[in-house]
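Student: What follows is each chain in one-letter form.
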Amino acid sequence: MTEETQNNDSDQIAGTNTQQSDPEVTPTSTLAPIASERQNWLKTRVEKWRESGIISDDQSEAIINYEAAPEEPFRLGLRFNRLIVVLATLGAILIGAGIISFVAANWQGIPSIAKLALLIGGQVATYGVAYQLQFARGYPRIGGAIMFTGAAWFGANVFLVAQSYHLPTDNPDLLIWWFLGILPLAYIVRSNAITVMAIGIFIVGLAWKAGTWADGSENFFGVVGILLLSAAVIYAIGTLHLVREKIKFHAGPYLAGGALLAIGVTYILTFAEVFRESSREINNFQTVSSSQIILTSIVTIIAATALAMTYRFSPHINRNSSQRFAETAVVVLVVALGWILITLPLNSIGFYVVAFNLLLVLLIFGTITLGIVNKREALVNIGIIFFVIDLATRYIELTVDMLDTSLAFIIGGLLLLGVGYGMERARRKLLTQFGLRESSHDS
Amino acid sequence: MTPRLKRLFVVVIVIQVVFLLGLVGYREATLIYGRTAVLQTVPVDPRDLFKGEYVTLRYEISTLRNDRKNPDPKKRTRLIGNFNEGDTAYVTLITVGLSSSYSILAQAGEPLSGADLFIKGKVTSSNDGTITVDYGIEQYFILEGRGLEIEQADDVKVRVKINRSGTAAIEALIVDGEVWRP
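Chains as they are written, first to last, in the numbering used here: chain A, 6 to 448; chain B, 20 to 201.
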């Protein structure tokens, strides 16, 4: 969860303002020792701004004093902030897990109506308490965590009602209903945690539903193609969020979810066995049903609309043109390959395997690059994880028949150590570029 | 929070509650106003019997194939139309004599014209003239530890309520001739 730190910032600012009000203290004498190169740079720049009239003497003093504040209390404030968030989130997760396990325990001792009244009433009460704490009483973090619990409670209630009436609970539609119920809530209460939960639930429900359609049917590639297109749509919707300040906050889960789904699906398609086992579909030019064409077209139009709107409005924000075009081109490529997968125009397994292997490499490095450029840690992590998975998979594929097993393990181990060393160096470089420093005691 | 967002917040909560109540209401309406039928279950693979805390149920009407000449009129089955995986099947239950047993007539796509009592299901497989149908009543949730009673029973029937559109809801299990109390 990303968290604001205004509360702690205000405490820090109040401390420095007290110092500032003493008339006998000259501005320079209020300065704390400038400890780092960064702060020296800042002092030089602030002096130039003051001389050129961009900022006043008071403002320059306030900026210097604020930045010169000892880091330890500030960092301590940040850590305390994070501790609150972690505790509240853990508490919320425990409550949510308790509710769900409660559902699984078949609470049948109480009449159905009373049971449902308690659970629905409990859900509404949770929302009420969350609202009061988050928006009325000034406890945004605790309130946000309880709001998250309310959203989880709604999902538990959906499954409980299904269970109470002996409806199949192994039904992905329940997840989709849960997603639809909590997504608007995420925007209204500006909760990144609920957005993450909603997108996660949607992707799991979508993949599950796709799996039930594809299982044992002759429609495997059609379903997987729709999944690939859906990943493109989710990512495109994420980029659309970035053009508006009010909803930019919610972009992360869409971008990460879309990237994860696209890379995950593409990874599955990099294996020749997947195409060989469905060779009957490929040897004949697959006849695509009209309903599938319609569904695919609808998904494509949504993706295209999201991209077009992003492109239309993005000149208003600071975005590098080549990055914007590259991102759009990758999304278009994913959509195009989704269509190729659905229609299977070529009678060549090799073509599809090569195409999706290339796409996987492009997606992995594209995700890492976008994560670095836009400072989105989640994208970097997804890219790196799949890079390692792909590397390990290809290594095993190539060497399983060629090398003695023990030799393969040794070489593989050395390769992994080498990759790990390279990644550790790259990670430190990234942190430096982000302007972050690790504490020396961090492992 | 602005007044507009506050109103939207309330609307979302209300929609969530209405959705849950709607789900409950639809099922309760089926149980109250639906017609009663008693379906005979058939043995299932013991390994599949329990998944966590529910019993997997399979019925005589779960697997259907043309069998119009069966000497036992209660087992005569007729399939009308082409059944593909994912199709909706409407299974008409025709009472045989004065008992609650019936012969079966399954039609794809729509219920048989003039059918008195039919149950709606989804075809999950179709092979060589034999179809498997899911009616949404294949799970029965029970309290932990009580599944053994059902597993060891000689005869399990399920009393269901079926609404006008053919959707069925489980009302009770009848285990060895007696209504099973959860």
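Derived from the structure by calculation, the hints contain no laboratory data. The reader is advised that the hints may include incorrect statements.
[What the hints assert, rightly or not] Taking lysine-lysine and the DSSO-like style, the derived pairs with C-alpha atoms no more than 27 Å apart in a straight line are:
| hint | chain 1 | residue 1 | chain 2 | residue 2 |
| --- | --- | --- | --- | --- |
| 1 | B | LYS25 | A | LYS253 |
| 2 | B | LYS93 | B | LYS180 |
| 3 | A | LYS214 | B | LYS93 |
| 4 | A | LYS253 | A | LYS380 |
| 5 | A | LYS251 | B | LYS141 |
| 6 | A | LYS434 | A | LYS48 |
| 7 | B | LYS93 | B | LYS141 |
| 8 | A | LYS53 | A | LYS120 |
| 9 | B | LYS25 | B | LYS94 |
| 10 | B | LYS25 | B | LYS88 |
| 11 | A | LYS120 | B | LYS180 |
| 12 | B | LYS88 | A | LYS214 |
| 13 | B | LYS94 | B | LYS180 |
| 14 | B | LYS176 | B | LYS94 |
| 15 | B | LYS88 | B | LYS141 |
Student: Against this structure, judge whether each hint is valid.
Tutor: For each hint, the structure was consulted:
Between LYS25/B and LYS253/A the CA atoms are separated by roughly 21 Å; this keeps the pair inside 27 Å, and the hint holds. Under the criterion of a C-alpha separation no larger than 27 Å, the hint pairing LYS93/B with LYS180/B is consistent with the structure, at around 21 Å. This hinted pair does not check out: LYS214/A and LYS93/B have alpha carbons roughly 37 Å apart, beyond 27 Å. Taking the CA atoms of LYS253/A and LYS380/A, the gap is about 14 Å. The hint holds against a cut of 27 Å.
About 45 Å separates the Cα atoms of LYS251/A and LYS141/B, which puts this hinted pair outside 27 Å; it is violated. In summary, the hint linking LYS434/A to LYS48/A is supported, as the alpha carbons are separated by about 25 Å, within the 27 Å threshold. A threshold of 27 Å between alpha carbons decides the hint, and for LYS93/B with LYS141/B the separation of about 23 Å falls inside it, so the pair holds. Between the alpha carbons of LYS53/A and LYS120/A the distance comes to roughly 69 Å, so the proposed pair goes past 27 Å and is violated.
The suggested pairing of LYS25/B with LYS94/B is violated, with an alpha-carbon distance near 61 Å, which exceeds 27 Å. Taken as a hint, the LYS25/B and LYS88/B pair is broken in the structure, with Cα atoms around 67 Å apart against an allowance of 27 Å. Restraint check: the Cα-Cα separation between LYS120/A and LYS180/B comes to about 22 Å, which is no more than 27 Å; the hinted pair holds. Annotation: proposed proximity of LYS88/B to LYS214/A is violated, straight-line Cα distance about 40 Å (limit 27 Å).
The straight-line distance between the Cα atoms of LYS94/B and LYS180/B is roughly 22 Å, inside the 27 Å bound, and the hint therefore holds. For the hint linking LYS176/B to LYS94/B, the alpha-carbon distance of about 16 Å falls within 27 Å, and the restraint holds. A distance of roughly 25 Å separates the Cα atoms of LYS88/B and LYS141/B; the hinted pair therefore holds under the 27 Å criterion.
Taken one by one, the earlier hints fail for this structure at numbers 3, 5, 8, 9, 10, 12, listed in ascending order.
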